[in-house]
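Going line by line, the protein sequences match chains A and B. All letters in the first sequence, in the order written, are residues 1193 to 1308 by my numbering. All letters in the second sequence, in the order written, are residues 16 to 129 by my numbering.
Hint data in this document are derived by calculation from the structure and do not stem from the laboratory. Quantities reported herein were computed from a predicted structural model and do not represent experimental measurements. The C-beta atom is built at its ideal place from N, Cα and C for all residues, glycine as well. Among the hints, erroneous ones may be present.
[As the list claims (entries may be wrong)] Think about it this way: if two alpha-carbon atoms lie no more than 30 angstroms apart in a straight line, the pair counts; the simulated DSSO-like pairs of lysine-lysine are:
#1 A:Lys1247 with A:Lys1262
#2 A:Lys1230 with B:Lys26
#3 B:Lys33 with B:Lys72
#4 A:Lys1195 with A:Lys1230
#5 B:Lys125 with A:Lys1195
#6 B:Lys125 with B:Lys72
#7 A:Lys1208 with A:Lys1262
#8 B:Lys33 with B:Lys80
#9 A:Lys1195 with A:Lys1248
#10 A:Lys1262 with B:Lys125
#11 A:Lys1262 with B:Lys80
#12 A:Lys1247 with A:Lys1264
#13 B:Lys80 with A:Lys1195
#14 A:Lys1195 with A:Lys1247
#15 B:Lys72 with A:Lys1230
#16 A:Lys1230 with A:Lys1208
#17 B:Lys26 with B:Lys80
#18 B:Lys125 with B:Lys26
#19 A:Lys1195 with B:Lys72
#20 A:Lys1230 with A:Lys1264
#21 B:Lys33 with B:Lys125
[To be verified] Distance ranges between label pairs, derived from CB positions:
#22 A:Thr1232 with B:Lys72: 48 to 54 angstroms
#23 B:Thr30 with A:Gly1292: 34 to 40 angstroms
#24 A:Tyr1246 with B:Thr54: 34 to 40 angstroms
[Stated by the list, open to error] If you want the ones that stay clear, here's a sample from chain A, every Cβ over 12 angstroms from chain B, calculated:
#25 Val1206
#26 Glu1218
#27 His1255
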Amino acid sequence: AQKVTQTQTSISVVEKTTVTMDCVYETRDSSYFLFWYKQTASGEIVFLIRQDSYKKENATVGHYSLNFQKPKSSIGLIITATQIEDSAVYFCAMREGVSGSWQLIFGSGTQLTVMP
Amino acid sequence: EAAVTQSPRNKVAVTGGKVTLSCNQTNNHNNMYWYRQDTGHGLRLIHYSYGAGSTEKGDIPDGYKASRPSQENFSLILELATPSQTSVYFCASGGLGGRTGQLYFGEGSKLTVL
Chain A
1193 AQKVTQTQTS ISVVEKTTVT MDCVYETRDS SYFLFWYKQT ASGEIVFLIR
1243 QDSYKKENAT VGHYSLNFQK PKSSIGLIIT ATQIEDSAVY FCAMREGVSG
1293 SWQLIFGSGT QLTVMP
Chain B
16 EAAVTQSPRN KVAVTGGKVT LSCNQTNNHN NMYWYRQDTG HGLRLIHYSY
66 GAGSTEKGDI PDGYKASRPS QENFSLILEL ATPSQTSVYF CASGGLGGRT
116 GQLYFGEGSK LTVL
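Just need the whole structure built from these sequences, with the hints factored in.
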């Protein structure tokens, strides 16, 4: 079975700096999809960014980007110019299943605190 | 705007009682999911569905049933609730095609079993 591991339980950074959150995954599939989600203090969970394994370019959305290292089975989330409102729990996830029959397997999450 | 709504948002139940958590989505998505969130475990998949009338077991299905009577509705049923099922439960829906893997989550339902 596939597995997603986030070893960093919590990270604290100063506002306007760059932070990287780590995630490693296990899969036997040759083609796969990786995701990052954000859970705010209110409990809301939202999709942030996605990486398709067959794409060599790292995905970027706004001030979020990914560091995809396929040989290491690693998909890090980079947040540049962090803001107070980036404080949240960040989940890494992998899609399991094919075509329409898919589900997401999540890591345990990393709590990010951005301090002024 | 994609929308997934859960009810109840908060529930206190007694051990051995029956609990039903309901989820409604207006995204017209085929796929729906139930996760539970506990400290240190992240989001764990309980049951999911690929369409009306279908349900599948996720990673932690023991003690839970699911029902998908229509495209819009997906319920999680605890026939005999236990204190270990105290948790926050999230429902989500997901589509196909270019947005495959992108889940839309409900607000969460906090369940306390005494």
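Against the structure, the hints come out as follows:
For a cut-off of 30 angstroms, the pair hint linking Lys1247 (chain A) to Lys1262 (chain A) stands: about 10 angstroms separates their Cα positions. Taking the CA atoms of Lys1230 (chain A) and Lys26 (chain B), the gap is near 25 angstroms; set against the 30 angstroms cutoff, the hint holds. Pair hint Lys33 (chain B) plus Lys72 (chain B) holds up; C-alpha atoms about 20 angstroms apart against a cutoff of 30 angstroms. A threshold of 30 angstroms between alpha carbons decides the hint, and for Lys1195 (chain A) with Lys1230 (chain A) the separation of about 19 angstroms falls inside it, so the pair holds.
With a C-alpha separation of about 26 angstroms, the suggested pair Lys125 (chain B) and Lys1195 (chain A) falls inside the 30 angstroms cut-off, and the hint holds. Between Lys125 (chain B) and Lys72 (chain B) the CA atoms are separated by roughly 21 angstroms; this keeps the pair inside 30 angstroms, and the hint holds. This hinted pair checks out: Lys1208 (chain A) and Lys1262 (chain A) have alpha carbons roughly 29 angstroms apart, not beyond 30 angstroms. At roughly 11 angstroms between alpha-carbon atoms, Lys33 (chain B) and Lys80 (chain B) fall within 30 angstroms of each other, so this suggested pair holds.
Using a Cα cut-off of 30 angstroms, the hinted pair Lys1195 (chain A) and Lys1248 (chain A) holds, with the two alpha carbons roughly 22 angstroms apart. At roughly 38 angstroms between alpha-carbon atoms, Lys1262 (chain A) and Lys125 (chain B) are farther apart than 30 angstroms, so this suggested pair is violated. For the proposed pair Lys1262 (chain A) and Lys80 (chain B), the alpha carbon gap of about 37 angstroms is over 30 angstroms, so the pair is violated. Proximity of Lys1247 (chain A) to Lys1264 (chain A) is assessed by CA-CA distance (about 15 angstroms); at most 30 angstroms being required, the pair is judged to hold.
For the proposed pair Lys80 (chain B) and Lys1195 (chain A), the alpha carbon gap of about 24 angstroms is at most 30 angstroms, so the pair holds. Between the alpha carbons of Lys1195 (chain A) and Lys1247 (chain A) the distance comes to roughly 21 angstroms, so the proposed pair stays at or under 30 angstroms and holds. The hinted pair formed by Lys72 (chain B) and Lys1230 (chain A) meets the criterion: a straight-line CA distance of about 25 angstroms does not exceed 30 angstroms. Only pairs whose Cα atoms come within 30 angstroms are accepted, and Lys1230 (chain A) paired with Lys1208 (chain A) is accepted, the gap being roughly 19 angstroms.
Annotation: proposed proximity of Lys26 (chain B) to Lys80 (chain B) holds, straight-line Cα distance about 18 angstroms (limit 30 angstroms). Between Lys125 (chain B) and Lys26 (chain B) the alpha-carbon distance is near 6 angstroms, which keeps this suggested pair within the 30 angstroms criterion. For the suggested pair Lys1195 (chain A) and Lys72 (chain B), the alpha carbons sit about 17 angstroms apart, so the restraint of at most 30 angstroms is met. In summary, the hint linking Lys1230 (chain A) to Lys1264 (chain A) is supported, as the alpha carbons are separated by about 24 angstroms, within the 30 angstroms threshold.
The suggested pairing of Lys33 (chain B) with Lys125 (chain B) holds, with an alpha-carbon distance near 15 angstroms, which does not exceed 30 angstroms. At about 30 angstroms, the beta-carbon gap between Thr1232 (chain A) and Lys72 (chain B) misses the expected band of 48 to 54 angstroms. Distance hint check: the CB atoms of Thr30 (chain B) and Gly1292 (chain A) are about 38 angstroms apart, consistent with the given range 34 to 40 angstroms. The beta-carbon spacing between Tyr1246 (chain A) and Thr54 (chain B), approximately 35 angstroms, falls within the hinted interval of 34 to 40 angstroms.
Residue-level check passed: Val1206 (chain A) sits 26 angstroms from the nearest beta carbon of chain B, beyond 12 angstroms. Consistency note on Glu1218 (chain A): stated as away from chain B, and its beta-carbon is indeed over 12 angstroms from all of that chain's, at 14 angstroms minimum. Every Cβ of chain B is farther than 12 angstroms from the Cβ of His1255 (chain A); the closest lies at roughly 20 angstroms, confirming the non-interface assignment.
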